[in-house]
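All chains should be built: construct the whole structure from the sequences, respecting the hints.
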Amino acid sequence: MLSRLSLLSRPVAVAVCALPVVGLLVTVAFAPLPFTVAQPGLTANVLGENKGEPVITISGAEARRTSGQLRMTTIEATGPDARVGLGDVLDGWFRTDQAVMPRDAVYPSGDTTEQIQKHNEAEMKESQDTATEAALAYLGEDSGDVDVTLRLADVGGPSAGLLFSLGIVDKLDGDGDGGGGDLTGGRVVAGTGTIATDGRVGPVGGVALKTQAARRDGATVFLVPRAECADAQSELPKGLRLIPVTTLKGAVDSLVALETGKGKVPSC
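Reading the sequence shown from the start, the letters are residues 1 to 268 in our numbering.
These aren't lab readings, by the way, just hints derived from the structure by calculation.
Be aware that one or more of the hints could be misleading.
Claimed, not checked - Within a straight-line C-alpha distance of at most 27 Å, the following computed DSSO-like cross-link-like pairs (lysine-lysine) qualify:
(1) K262 with K238
(2) K118 with K51
(3) K118 with K238
As the list claims (entries may be wrong) - What follows is a set of in silico ranges between Cβ atoms, one per label pair, in the way DEER data are often shown:
(4) G178 with A153: 50 to 56 Å
(5) A105 with V155: 14 to 20 Å
(6) P102 with D142: 43 to 49 Å
(7) T260 with E114: 45 to 51 Å
(8) K118 with S234: 31 to 37 Å
(9) S143 with S234: 22 to 28 Å
(10) P102 with T57: 36 to 42 Å
(11) G180 with E123: 32 to 38 Å
(12) G179 with E76: 36 to 42 Å
Cβ atoms here follow ideal geometry from the backbone N, Cα and C, with glycine treated the same way.
Right under this line is the structure:
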């Protein structure tokens, strides 16, 4: 074969050699790729209702009436069984309202759709329990006396932990000065971040898309895990202020400082 090719003219030889490349490109263009395309998802006010039910219900202690909003944020991604082709990937890479991510970074590798759904539901339940524990510990409340129920339909994963904790704090203590002020200061505050029982806030991913969802739904302030400041700034919508946080206490302190105008409000 090599000797035969050496006798061909240059244009013909190039054409012959290009055939496998063209075939490979055609195959790649139409073959499913191991990526997921994500976009800004829904947001939900944890101080309000979701599908006709309060997101936060408290018994064993008096719950405050609140103003303002604390909106948890999500991303929407193509399903684990969705066919994502080269065109989808290229389109997603060149758009600011979409992101292309490895499928394994979004969905556990090898799991079925049903298993993934159960996994996400379990993570959400664990996140809600942890958020309750962190909030009550911050307030010095006894979890044996105060019972908190969290309900949020059609959302999975652990990334609403920080907002759940802040919602509980606002429902029970407001801005903490005893004068009835709200933690939000009447604003629409959005954010994301996992929460640990000791109040530490962790990163979650998809922050640049979540800031877009937050601004779309009226937020003017966004609480972001400090480690993800750069990602949040990359496609930051106009009119949305970033506040980096590392702990629940830091998040509360920042919101109180923003409300009262006293103290420092950190920035990315």
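Hints and how they fare:
no.	hint	result
1	K262 with K238	25 Å, holds
2	K118 with K51	21 Å, holds
3	K118 with K238	37 Å, violated
4	G178 with A153: 50 to 56 Å	34 Å, violated
5	A105 with V155: 14 to 20 Å	19 Å, holds
6	P102 with D142: 43 to 49 Å	44 Å, holds
7	T260 with E114: 45 to 51 Å	48 Å, holds
8	K118 with S234: 31 to 37 Å	33 Å, holds
9	S143 with S234: 22 to 28 Å	39 Å, violated
10	P102 with T57: 36 to 42 Å	38 Å, holds
11	G180 with E123: 32 to 38 Å	35 Å, holds
12	G179 with E76: 36 to 42 Å	40 Å, holds
This entry does not satisfy hints 3, 4 and 9, going by the numbered hints stated previously.
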